[in-house]
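Peer 1: Here is how the chains run, residue by residue.
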Amino acid sequence: MTRTDTPQRPPAGEGSVRRISARRRAFRPYLLSIPAVLLIAGILYPFGLGVYYTFLNYSAMVPEPVLVGLANYAVVLSDPVFWESVRVTLTYAVTTTVVETVLGAGIALLLFRASLVGRLLERLLILPLMIAPVIAGVIWGLMYNPQFGVLNHMFGLGSTFDWLSEDRALWSVVLVDVWIFTPFVAVLVLAGIRSLPREPFEASAVDGAGALYMFRRLMLPMMWPYILVAVIFRFMDSLKIFDHVYVLTAGGPGGATRTLQIGAYQNSMTNLNFSLGSTYMFLLWIIVFITARYLVGVLGKAQRRAAGTED
Amino acid sequence: MATRERRPGSRRFSPAAAGADLLLVLWFAFSLFPILWMILLSLKTQAEQTSTYFRFTPTLENYTTVLSSEGERITSVDFTGALFTSLVTSLGAVALSLAIGVPAAYAAGRWAYRGSGDVMFTILSFRFAPELMVIVPLFIIYNQLGLFDTAFGTIWVLQLVTLPLIVWILRSYFQDLPEELEQAALLDGYTRTRAFLTVALPLVRPGIAASALLAFIFAWNNYVFPLILTGSENPTVTVAVTRFLGGGGQAYYNLTAAAALLAALPPLLVALSIQRYLVHGLSFGAVKS
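Going line by line, the protein sequences match chains V and E. Just so you know, the first sequence maps onto residues 1 to 311 in our numbering. Just so you know, the second sequence maps onto residues 1 to 289 in our numbering.
Simulated from the structure, these hints should not be mistaken for laboratory data. Do not rely on the hints blindly, as some may be mistaken.
To be verified - From the structure, some residues in chain V lie toward chain E, with a derived Cβ separation under 8 Å:
(1) 33
(2) 37
(3) 47
(4) 142
(5) 195
(6) 268
(7) 272
Claimed, not checked - Derived DEER-like restraints, expressed as beta-carbon distance ranges:
(8) V:206 with E:14: 40 to 50 Å
(9) E:178 with V:25: 29 to 39 Å
(10) V:271 with E:144: 17 to 27 Å
(11) E:206 with V:79: 33 to 43 Å
The beta carbon of each residue, even a glycine, is placed where N, CA and C say it ideally should be.
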């Protein structure tokens with residue numbers, strides 16, 4: 001995702017082999033991309049329609065909607081419930097990303113040192129990541145159950161301790177996210193560490209550098225691009241989190257876990273107010289878009305620094 | 001992943017190594033316990049599901065119940081049907097993405113044509129866009145077109161998941177393929193199409209297999225699309241599993257656990273078979289293993 005189009009040589013000598021006009025050759029990539037472009041159009045059409053809804057008063061109550069200008073935006077942006085959703089979403093996304101990055105990078109470093117135990121366990125690292133997040137939600141829901149859930153039993157919490165109460169629910173769904181996605185960070189960073197060149201380490205070992213110095217001044221800067229790729233994926237996915245949170249709490253209790261995408265779902269699919277739901281989504285889309293541009297810029301800089309082309 | 005040579009900076013001291021092992025074991029205890037617990041719960045009888053934690057008489061009855069029409073009568077969830085729907089929609093989505101994505105990935109990997117960057121980034125943006133922005137209008141369109149609750153409707157919308165993955169991974173494979181190979185074939189009098197089919201395509205077969213299998217996993221695991229765009233006829237397994245929890249009255253936690261494990265099994269098996277290619281695919285080609 002970081003590689004932009006590298007200029008490629010035109011297929012040299014091709015024209016001399018087959019007598020195909022230059023024009024036809026120039027069209028070939030477009031021809032090959034037509035199905036993809038048609039599909040993109042098929043996806044962008046509903047997207048555009050969704051944006052259009054944000055300027056209507058479209059709901060199940062109003063099947064013949066009319067343009068209302070920016071009224072939906074005024075409603076949403078002055079609604080404390082929306083801002084609470086923004087707060088929940090950002091808290092969720094920042095917490096999961098930070099915890100998963102630290103834990104994942106730590107696990108990667110431990111696995112890199114690979115004793116026999118580590119090597120055996122490494123095979124099992126990705127299991128939680130490959131289970132559908134919604135099924136992970138179901139699994140954790142059964143474990144969180146106050147009456148017979150195994151967690152309350154194991155930690156001796158009794159049957160009154162509720163993991164999904166109003167003040168704990170957000171942290172409980174964060175914990176499930178950490179369970180699912182920490183392996184994602186770990187496998188990416190581990191692959192990154194293993195691909196690092198060994199010469200700089202050998203050179204600084206010859207110079208008598210200590211282990212800590214080498215880690216801070218060599219390993220960390222070279223690992224940084226891999227960590228950033230993981231951070232980008234995790235943060236962007238956390239902003240639009242839905243699956244396991246919805247099945248665990250449906251956004252409750254009292255909106256404690258009502259992330260933006262759950263809020264949009266409630267507006268659109270529960271209250272059938274399509275315009276209000278779409279406005280939620282379009283605002284989230286803008287947040288995601290701005291974040292993506294910023295993070296990709298940071299990544300490019302880190303990659304240039306790791307490659308030594310910028311100081 | 002195969003190379004395990006020691007590098008400077010990873011010197012091993014035995015107390016440190018023991019500490020590292022301990023930390024790893026702690027993580028894996030946390031990571032594997034929920035799966036283990038589900039296995040136990042899925043082996044309990046209805047009477048034991050809420051009354052015991054670790055000591056019980058294991059039975060495979062829950063699995064047969066979940067898959068039988070008897071289970072459908074009790075829980076009103078047609079789980080076998082959902083498994084079949086998931087298989088059809090996931091395979092269908094991957095097949096459609098391959099048919100559309102392989103030519104596009106080849107074009108973008110071989111020639112830097114005008115607009116190729118735009119096409120590639122629009123496809124990538126599907127991966128990161130909040131799904132509901134597209135699904136809510138699609139919900140209304142599908143209802144008008146009669147595509148609601150159909151396998152084809154799900155296959156179409158799953159392109160948001162499978163197409164970016166396949167196109168981005170395969171483009172990086174085509175970029176790494178030396179162009180001289182195809183040119184040699186052209187010099188031998190092959191047409192461009194034949195050179196692509198007989199030279200380039202077989203060489204990227206590992207990439208196609210890995211990206212297709214990874215796309216299958218994500219299509220299978222998707223929840224939010226079938227949640228909104230399917231109903232009682234063609235729900236996928238992810239939707240079906242959550243239905244075991246719904247409905248008032250009797251709770252079937254043991255059946256839920258069995259269903260959850262059955263639904264998780266195909267992606268787990270596929271993932272273990274492509275572990276070598278997983279990192280490259282998960283990062284959309286940004287990280288190579």
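Peer 1: Okay, which hints does this one fail, numbers in order?
Peer 2: 7, 8, 9, 11
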